[in-house]
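Chemist: Residue numbers (our numbering), protein chains in the order written: chain A, 1 to 214; chain B, 1 to 214.
Just so you know, these hints were derived from the structure itself, not from any lab.
Every value quoted in this text rests on a predicted model; they were computed, and no experiment measured them.
Below, in silico cross-link-like pairs of lysine-lysine (DSS-like), each with a Cα-Cα straight-line distance of 30 Å or less:
1. B:Lys-177 with A:Lys-118
2. A:Lys-138 with B:Lys-118
3. B:Lys-138 with A:Lys-47
4. B:Lys-138 with A:Lys-35
2 protein chains.
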Amino acid sequence: MQLFDYFRSSASFRVRIGLNLKGLAPERHFVHLTKGGGQQFDAAFTKMNPQQLVPVLVDGAEAISQSLAILEYLDETHPEPSFLPGSPIDRARIRALSLAIACDLHPLNNLRVLFYLKDPMGQSEDARNTWYRHWVAKGLSAFETALKEDRRTGKFCHGDTPTLADICLVPQIFNAKRLECPLDPYPTVMRVFDACMKVPAFDAAQPMKQPDAE
Amino acid sequence: MQLFDYFRSSASFRVRIGLNLKGLAPERHFVHLTKGGGQQFDAAFTKMNPQQLVPVLVDGAEAISQSLAILEYLDETHPEPSFLPGSPIDRARIRALSLAIACDLHPLNNLRVLFYLKDPMGQSEDARNTWYRHWVAKGLSAFETALKEDRRTGKFCHGDTPTLADICLVPQIFNAKRLECPLDPYPTVMRVFDACMKVPAFDAAQPMKQPDAE
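Construct the entire structure; sequences and hints are all you get.
Modeler: Shown next as structure tokens:
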């Protein structure tokens, strides 16, 4: 297996956590998202992923894009420990929590979106930071309620083992901290985050512990 | 089963297609997203989905949010016809195509985002439409390449039966048409779209054929 990723990319961070949990160590290739205009726009990378986004996992002859598709693939091909344990309804809750971050929070605060707000939209750095914090607050406050008011929340987002939901949550909290978003309003979220960070698979996947970190 | 949806919501449209393909007809509840400030903000609906977004599927005592979590749940509980046929690598491609739309295209053009660009960001209607068309063009042009350059593309996005990828694609094309985005640059995408619209499950799910259509 080969992983194409970037230390700061939170979608890459998700896949690194997943690989660590499964005990897999693919060959690493680093794609710098800002250097020289962005290495994700190089012809060779674009051929592998026309979306020009990291991460990409290559397994044999196949390149897989989209972090959640990669994580579901890893879970199907390496079932233990499961990212989606339990009944179909348990799995639905875990996926819904994951997608609340992966669809409704993270894409709005992605690098290419922040660039567009600057140029051509002409939004100041202050306005862009306010945008960023707005979607973090909206996303995390709904996430806090979803965790707090559901008896299935355990030590982690769903039960007492890490699932896909925790894999999506942790990189989002790293981003929120980096942009100095207030996190006190989300005590359940932060309790789960702290539990995750005690798991070596999560800790070793964090941006500043990657070989390409700056 | 009960479905909470809104005719114009493209995430709801996905779930309606999925239910039709499985031959399921849940009781319908309509949540008007703009009337009276938005019925998704009502206390009863917020209790069911703290994210205050449609669709929500209720099965027995459980409420499931997030369209892709609902569709995976339907596929696990009603396996035929499969939304995710084939090997793990086939399923990974289908999910990656689905997520390219559900994560990287649709959330940027969602109603609440367009509202924020207007107020507080003060972007004109022209600038908001340009934003909309920019992300549609970026998303569909990568999607076109992904379909055109892969031998696994068939009558539909993946093979000759509708999958999760087609379920995500079709509502996005409806949106693109509504905002008058140019679609000529995407002949493979539009060939698949036309094939989907000949399938009664897709046709019957379209916004203007819903009881709450305006």
